[in-house]
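Asks: Listed here are the chains, written in short residue letters.
4 protein chains.
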Amino acid sequence: MSNTFGRLFTLTSFGESHGDAIGGVVDGMPAGVPIDVDFIQRELDRRKPGQSHITTSRQEADRIELLSGIFDGVSTGCPIGFIVRNQNQRSADYDALRDVFRPSHADYTYLQKYGVRDHRGGGRSSARITIARVVAGALAKLALRQLGITVNAFTSQVGNISLEGDYRDYDLSSVEANPVRCPDARKAVEMERLIAAVKAEGDTIGGVVSCVIQGCPAGLGEPEFDKLHARLGYAMLGINAAKGFEYGLGFAGSEGRGSQQNDLFAPVTEGNDSQDVKNPLRLQTNRSGGIQGGISNGEDIYFRVAFKPVATLLQPQSTVDIEGKQTTLEARGRHDPCVVPRAVPIVEAMAAMVVFDEYLLQKTSKM
Amino acid sequence: MSNTFGRLFTLTSFGESHGDAIGGVVDGMPAGVPIDVDFIQRELDRRKPGQSHITTSRQEADRIELLSGIFDGVSTGCPIGFIVRNQNQRSADYDALRDVFRPSHADYTYLQKYGVRDHRGGGRSSARITIARVVAGALAKLALRQLGITVNAFTSQVGNISLEGDYRDYDLSSVEANPVRCPDARKAVEMERLIAAVKAEGDTIGGVVSCVIQGCPAGLGEPEFDKLHARLGYAMLGINAAKGFEYGLGFAGSEGRGSQQNDLFAPVTEGNDSQDVKNPLRLQTNRSGGIQGGISNGEDIYFRVAFKPVATLLQPQSTVDIEGKQTTLEARGRHDPCVVPRAVPIVEAMAAMVVFDEYLLQKTSKM
Amino acid sequence: MSNTFGRLFTLTSFGESHGDAIGGVVDGMPAGVPIDVDFIQRELDRRKPGQSHITTSRQEADRIELLSGIFDGVSTGCPIGFIVRNQNQRSADYDALRDVFRPSHADYTYLQKYGVRDHRGGGRSSARITIARVVAGALAKLALRQLGITVNAFTSQVGNISLEGDYRDYDLSSVEANPVRCPDARKAVEMERLIAAVKAEGDTIGGVVSCVIQGCPAGLGEPEFDKLHARLGYAMLGINAAKGFEYGLGFAGSEGRGSQQNDLFAPVTEGNDSQDVKNPLRLQTNRSGGIQGGISNGEDIYFRVAFKPVATLLQPQSTVDIEGKQTTLEARGRHDPCVVPRAVPIVEAMAAMVVFDEYLLQKTSKM
Amino acid sequence: MSNTFGRLFTLTSFGESHGDAIGGVVDGMPAGVPIDVDFIQRELDRRKPGQSHITTSRQEADRIELLSGIFDGVSTGCPIGFIVRNQNQRSADYDALRDVFRPSHADYTYLQKYGVRDHRGGGRSSARITIARVVAGALAKLALRQLGITVNAFTSQVGNISLEGDYRDYDLSSVEANPVRCPDARKAVEMERLIAAVKAEGDTIGGVVSCVIQGCPAGLGEPEFDKLHARLGYAMLGINAAKGFEYGLGFAGSEGRGSQQNDLFAPVTEGNDSQDVKNPLRLQTNRSGGIQGGISNGEDIYFRVAFKPVATLLQPQSTVDIEGKQTTLEARGRHDPCVVPRAVPIVEAMAAMVVFDEYLLQKTSKM
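Residue numbers (this note's numbering), protein chains in the order written: chain Y, 1 to 367; chain A, 368 to 734; chain H, 735 to 1101; chain F, 1102 to 1468.
Check each hint, because a few of them may be wrong.
Label-pair distances were calculated between CB atoms; the ranges are [as the list claims (entries may be wrong)]: (1) L906(H) / T285(Y): 58 to 64 Å; (2) K366(Y) / Q418(A): 52 to 58 Å; (3) D93(Y) / Q627(A): 21 to 27 Å; (4) Q793(H) / D1272(F): 53 to 59 Å; (5) K730(A) / P768(H): 56 to 62 Å; (6) A1367(F) / P768(H): 40 to 46 Å; (7) N455(A) / Q284(Y): 33 to 39 Å; (8) D1200(F) / D466(A): 51 to 57 Å; (9) K730(A) / G73(Y): 42 to 48 Å; (10) V556(A) / G50(Y): 54 to 60 Å; (11) T150(Y) / G569(A): 38 to 44 Å.
The hints are simulated quantities; they were obtained by calculation from the structure and are not laboratory data. Since the model is a prediction, treat every value here as computed from it, not as a measurement. Just so it is clear, CB atoms sit at the ideal spot from N, CA and C, and this is done for glycine as well.
I would like the entire structure built from these sequences, with the hints used as guidance.
Replies: In structure tokens:
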């Protein structure tokens, strides 16, 4: 089951970096959702390589082919199969890696696990396989659009440059205005310069993506193992290079006291009646990050995902071959110096899948 | 499926704080594992309330009853049903809460989700339901014992008091020597004092639990959605009051560069042959936290879990009733001023379940 | 996962014939269903041993203990844990079987599968474990009651005595009037005599249970692998001693032609407007058994389950011990000469679980 | 989850009769299995339309494209994505069916379930979607080949013409020698004539497929819900037009007595030591069909699947339109007069998937 994600709205994916195609099956899409194919392609375009001088120069058209489950422009309730052809592989770039383990890559662990390994471009451990996540996330977003639920992620940190405010301080619709996908234009420039400088050294750098889900009704999420934030964390930690997840006050909150962190309810007065049937009560603060006891409370849900610097360096590195003998790795290929900008749409995609899945589950929680 | 955890080794749990019993079913335990009932009870004792002056004064014997799946002292391969009776409920303590929503608790979200609510002691959102996790984790530990895999967690931070070293700097076998479960005896005293002081004010405080898994062979974990750290994160974030998860360098690593963070392989030389069939290659450093591409690499796996301060204060708080009218909450009941010490065995339990589950899955990854 | 049944409404069960208890967890029960505990007990009483001279003389009170998930008389949406204590075990009856394999029992196959075996009373292969199915089925029936869906099974064949008509020819409310659970009073007497005669010889006899589901809306069931009849078949074939399943015309229909078997729609005329929003169209015939393409069509769903004669004979039988040496088995213990009468409530329970589960799934099939 | 089949070895499929492609993802294939692409294509060729004068005249090349999960000719442990393009659709044949419900088809039930419907060629209810099953089954067979396990199905009945013997009486390698796939050459001619005659009348006819699994070790299958025969039954009943399943003596056995049906063990004597570590004990008879208590016992596993006559007739039929108004259906399109010959490879495919999945699960049943 390791290649299926979700409970009712599921993605089962396949594909490797240098295989014929990346693809998958989205099952559980309810019937009657208008399918905007251009939107799906635009989401893929946000993820694709070669968007700017600070991403990999691999050029891929990444054209979506939707193969089933749609008729007369709407979903039919049947599974949606899709593929995106790989086209710009340069597998020969990887010939030297057939018998060498790259440091901090999955080469050694795959071989230990499976006994065989597709060494070309990272095989299934390549970030290229997130294509399937973006397609499925775009489908989830089309369903969430019907419900008035939005998901917006952005780059909040690159290296030691981080935003000072939180999502409420920025216009998130401006995120696509710069190649870093940072809503603070000035910080975006700094981040871009840092990434370019790191790239020039053949090095890489880490960062953080923040995400906010808005318009989500109270009641989504399950009490015990499938707490909404646990499912979000699982979804995010499965993204390549993710190293941490926190929501609400997160790690910072573990330093503080309950009396400072509890979110008090806003009493319903005549002037303050939310009139919102989905979510009748509001809170005065939202330190909790929109979730109580694993279940959404109607406030904004926000979280952060830490990404490590990419392991592929364009510098010589000492490593070993499959015999364990010392050798020097001269990296080739086309790589991102920082995954964070391209991780933004992937974070959104995963969040959209989780929230829509929980929306469907919630339909079955009352008689 | 929200009350089932795991793929092949699964726990399905039930129970509420003030119901008749907490219990569950562990399915997928292979046949032939010696079942040490005393060990399971000791693990429960580590979790139970009333252990010290810094935990809740609720007194519960928390006696395990194993009802099936064991014969002649070993597991039979059949599901292991178990219950732990609730005995020391004082449901009347909660009468005042029938129509009131406690701030930063799950009262409101449960009612929005289900339309009905068991208000006594938090119902299923009570931390008491982690009993089932500890029992299942103890069973997983008994299986891991056969494999030489150990799981050790400890308190690494309470409020703003945190350990300066990492797990390698401490004797983890000393963790049970103090009520905080901190392997640094001096810091433990500070933490204990802080918790006592916070408790005296009717307040609560957060903290961090760190955990290390040792002896794990290379090859555990799945490439895509079920990356080993994604499953660990999911497991930890489902624990009551958890707000964040990170492994390896975690959030701190997102500030740095690839050239500083990559873990280089140790070449196999005559004097440095690990001779370890489970894990033939070793690394010179372990910044990755024992996992590459979602799969264990044979090094120690380590991670951290952030816990917020408990929401129940023994101070008056402003809140609202089910009509949304302002009211004042005068908390009663017996509560922990800091969940972290009692979270230690729960973190271990969840980690043990994940690792053993992946061990079983790994048996099927090669022909 | 082998001890969990269902997709959204799930039963995870545990227990062996001579262990402490049989029990389970029902997860996915929506909140707000009135829980009639007496009804659940009555369903268990229909299954329990010692009901008449033609069933086993093992006497068990089989008292249901519901441990969670219910508050103020209704389901809360949380998992419902339950146990039924074993009381009347006479494990010593089985001492002689510790090292002997009974013919056509699971003794040998369990040992081959697990390497260990609880030989007492069949362990987990005992029909006693169907207690958990009956409890979960009773909970499903309570939910179906809210929806106007009924499930009725009955004995339609014992040995070579079979009903001549189908379910439409009988008053199914009369099924409990005789110990065989046959709605044809005259045939019931014949069946009862046959069972008594077979029992007197220390022999056993097979039979067939028929079942009808009425009031089911059109639209339940899934197109591909989870066709409604495939799930029903799976559910029934998992019952101890089941050897076959057919629905609609079943095996008999494979002899005929399409022109004779197609069910034509009844045109909607002024006098024939079904006015039924759940199921606007009706059919002129129902040879299909209420299902088309795996999805209910609003007509009655009916099917048949074949049961083999019980393998335990009260006659000497030749068999082998664990060394493979020939020995003679002198069966002891208390056994049913025919499982069919007691299988009737189990068939109903499994059908109720499947239909209610599909009802929940159907809530998520349209936007 | 309705479009995913299996526990560890899973198929998730997609596609409709007149969409772009049929395809799927096989997950859980262990690494290291040689992938014989020609074999997979040959299995597809056995299923494809237009093979003979007694099948549909739709002509499809049905070329398999394997897109991932294979490297250097062996499986890598990563998911295997595949597609088969649809080419010979004549959707215009179905224009008249946009607003009409065909009798005994899934037209009405799909519309009731989903509110929308792809009316072209049956959409996802078309038997064409079994392509995905055959591909996944072929992959399972390649794995079973490594284990010496074989799966052979054949036509044992068409209309009222049925084989007199069972599988032991025939040379199953001769099944492909005639278009009916019947191992009795004389009966095959009769069956072929019957199908041709029925076709000439624009009518259809049902039949039965029998199947035998040989070389299966003792120990496969799970005790409770996932009994091996329950999983086989579920798999078979999901095939289009299946109406019944029985194994061992099946329905016929419900007429008999235990003393006549029990299978006695063959004592291990010096001349009769099976020397088979997979299966040390043998039985004198095999009325049980190779399964005891849901677990394989090492004997041949055999079962039968009933298929109804195809619902599409090339005769005028009375039916209704979506308004419920009476109309006459003049069927067009290219259809099989009898599905049974082409169901043979599908039955094999499903059986192979179940058995291999249980083989993988069995690897985890002992410590």
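Asks: Where does the structure disagree with the numbered hints, that is, which hint numbers, in rising order?
Replies: Failing hints, ascending: 2, 5 and 6.
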